[in-house]
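J.: Take the given structure of chain A and dock chain B with the ligands to it, following the hints.
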Amino acid sequence: MQINLKDLKRTYGDLHAVDGISLSIPSNTIYGIIGKSGAGKSTLVRLISLLERPDAGEVFFDDIRVDDLKKDALIERRRRIGMIFQNFNLFSSRNAEQNIAYPLEITGTPKGEIDQRVQTLLALVGLEGRGKAPISTLSGGQKQRVAIARALACNPDILFCDEATSALDPQTTHSILALLKDIQRKMSLTVVMITHQMEVVRDACDQVAVLNDGVVVEQGLVADIFANPSSEVTKEFLTHLVGVDDASASDQMVQWSKNSGAYTLRFRGGTTDQPILSKISRQVGVDFNIRAGGVQKVGDVHIGTMIVDINGEAEAQKKAIEALNQMGVVVEEEQSI
Amino acid sequence: MSKLWVLVFGATMETLSMVLFSTLFSLILGLPLGILLAATSSEEQGGIIPHPVLNNLLGRIVNVLRSFPFIILMILLFPLSRLLIGTSIGTTATIVPLSIAAAPFVARIIETALKEVDPGVVQAARAMGSTNFQIVRKVLIPEALPSLVSGVTLTIINLIGYSAMAGAIGGGGLGDLAIRYGYQRFRGDIMFVAVVVILVLVEIIQVIGNKISARLLARR
Ligand SMILES: Nc1ncnc2c1ncn2[C@@H]1O[C@H](COP(=O)(O)OP(=O)(O)O)[C@@H](O)[C@H]1O
Ligand SMILES: [Mg+2]
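These protein sequences, in sequence, are chains A and B.
Final position of the first sequence in the working numbering is 337; the numbers increase by one with none missing.
Final position of the second sequence in the working numbering is 220; the numbers increase by one with none missing.
Next up, chain A with everything else stripped away, as it sits in the complex (with noise of 0.2 Å):
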């Protein structure tokens, strides 16, 4: 299922959530969108499933406009779409099972089948023998795994997830990710990815938007997005994604730049192998002084990320940027220091 969206406009009082946001999410992928909080990433999403109307603009499903849908009609699309949240929004009145079967109950699937399917969905998400908890129970993990068996139960073509790790710690989000990532392919589904960390976006998703304020300011694959930002926004989630803003980092940074700029390369895939510091350095005749570095696998493509020094004379240091840039390196001054 492919969604589209065209020019979306929500506003509460004068300050405009969602700000004209024009999007193609393709059909069969994961999709992130990634934001500070307070971007309007929720309210997109409240948008884009259908539980708030737009002020302006609007939403396809595979060229079929569902902005508009009457009640009927928004009930019964609403039922092919799943939806997960940070805060699980379980019912704490069922247990595990019955949170899994309200979805089957509430489009009046007949008692036999409902156990069947649950009990399939269970072993989906890895929770066999686990139906009869009670939510209150379960951890974190788990209370995300009934959410995503709940989400499916209806064989939804669309999956919503609104930070749906950001309440769980690292390991569990890993798995958490696999569980979406293998699901998504199972099902050939459309989910898109609501989420505050770059490293979500990095483990999960193909392609990526980056909102701020309301409005997009940067879309594509995700392993362009890593290896050429182009927003400041981005550069700034990809800063905290290398850990490179902690303490340590910046007082070397103090240290080792009093007569030197510092730059951020970024290189991916083949160029990664070469020599190409130390060939540089001797070609132009200046130094590299690594004070970070790291590389990130997004999908199959890895991303190097440096931080280092240049040191030498300025028109060296100009040539050596130019010689980076030219094998693929993008080179980014560091903004303050």
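It cannot be assumed that every hint is accurate.
Straight-line distance between alpha carbons at most 20 Å, and here's what the computed EDC-like set of lysine to aspartate or glutamate pairs gives [stated by the list, open to error]:
id, chain 1, residue 1, chain 2, residue 2
1, A, K181, A, D203
2, B, K138, A, E105
3, A, K71, B, E43
4, B, K138, A, D115
5, A, K6, A, D19
6, A, K9, A, D55
7, B, K138, B, D118
8, B, K138, A, E76
9, B, K138, A, D72
10, A, K70, A, E52
11, A, K235, A, E333
12, A, K181, A, D157
13, A, K36, A, E163
It is worth saying that the hints were derived from the structure and are not from the lab.
Bear in mind that the values here come from a model prediction, so they are computed numbers and not experimental data.
T.: Below, chain B with the ligands alone, put in the same frame as chain A:
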């Protein structure tokens, strides 16, 4: 001696039947009203069909009814009792003002309990394609059940108190017994027993209510 117990037993039965039926009728009146109050409240308060005008109107009616002193309400409702029951005196007739006095109380208690339900859970139910009726019946009421049970317990206890008050103007039951024998005929022993029975009834209801509520919570 045995005459006293016959009197007390009869009055206790009258009180119990008054309280039972008025609880029932006040729930029948108050439950829809409470659901409507919660459902029509603003979106921020978790209303599923926000309707400020209706919400305001219902809220005012409930408040006016609640602020009426019960004795006055009962006298005002004598004609209604006569119309419905054929008399304005006695146990059966008293059920009418008791139910009407308790209904707005029940409505507020139900409204409060339903509003306590996590809005996120309601949003999830809506996202799954629940109709408004399904949200009320399968989400709001089950999720709020422990609070609802506590609310009904409180209603029953209040009704025991009101029914005793109704005794002062010919309502029957333990209050009536205490006034007619204990006060007007100086039978302190009967007054004492009647009061003790009322206290015991209240205590029993409270304990049962707490047990049910706790058991519901423990299963979660
Ligand atoms: N129902 C609402 N009423 C008023 N303001 C809202 C409402 N929902 C969201 N907002 C505001 O819209 C902005 C975007 O919110 P949200 O979409 O929740 O952001 P995010 O999910 O990215 O953190 C915030 O400033 C928030 O306060
Ligand atoms: Mg949010």
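J.: For every hint, state whether the structure bears it out.
T.: To see whether the hints hold, each was checked on the structure:
Simply put, K181(A) and D203(A) have alpha-carbon atoms about 9 Å apart, close enough for the 20 Å limit, and the pair holds. Between K138(B) and E105(A) the alpha-carbon distance is near 10 Å, which keeps this suggested pair within the 20 Å criterion. A C-alpha spacing of about 18 Å is found between K71(A) and E43(B), which places the hinted pair at or below 20 Å, so the restraint holds. For the hint linking K138(B) to D115(A), the alpha-carbon distance of about 18 Å falls within 20 Å, and the restraint holds.
Distance restraint check for K6(A) and D19(A): the Cα-Cα separation of roughly 11 Å lies within the 20 Å cut-off, and the hinted pair is therefore satisfied. Straight-line distance between C-alpha atoms of K9(A) and D55(A) comes to about 6 Å, which keeps the hinted pair within the 20 Å bound. A distance of roughly 14 Å separates the Cα atoms of K138(B) and D118(B); the hinted pair therefore holds under the 20 Å criterion. Between K138(B) and E76(A), the direct Cα distance comes to roughly 18 Å. Compliance with the 20 Å bound is thereby established for this hinted pair.
Distance check on the hinted pair: K138(B) and D72(A) sit about 19 Å apart at the alpha-carbon level, within 20 Å; holds. Pair hint K70(A) plus E52(A) holds up; C-alpha atoms about 13 Å apart against a cutoff of 20 Å. Of the pairs offered as hints, the one joining K235(A) and E333(A) holds, with about 12 Å between alpha carbons and a cut-off of 20 Å not exceeded. At roughly 15 Å between alpha-carbon atoms, K181(A) and D157(A) fall within 20 Å of each other, so this suggested pair holds.
Under the criterion of a C-alpha separation no larger than 20 Å, the hint pairing K36(A) with E163(A) is consistent with the structure, at around 11 Å.
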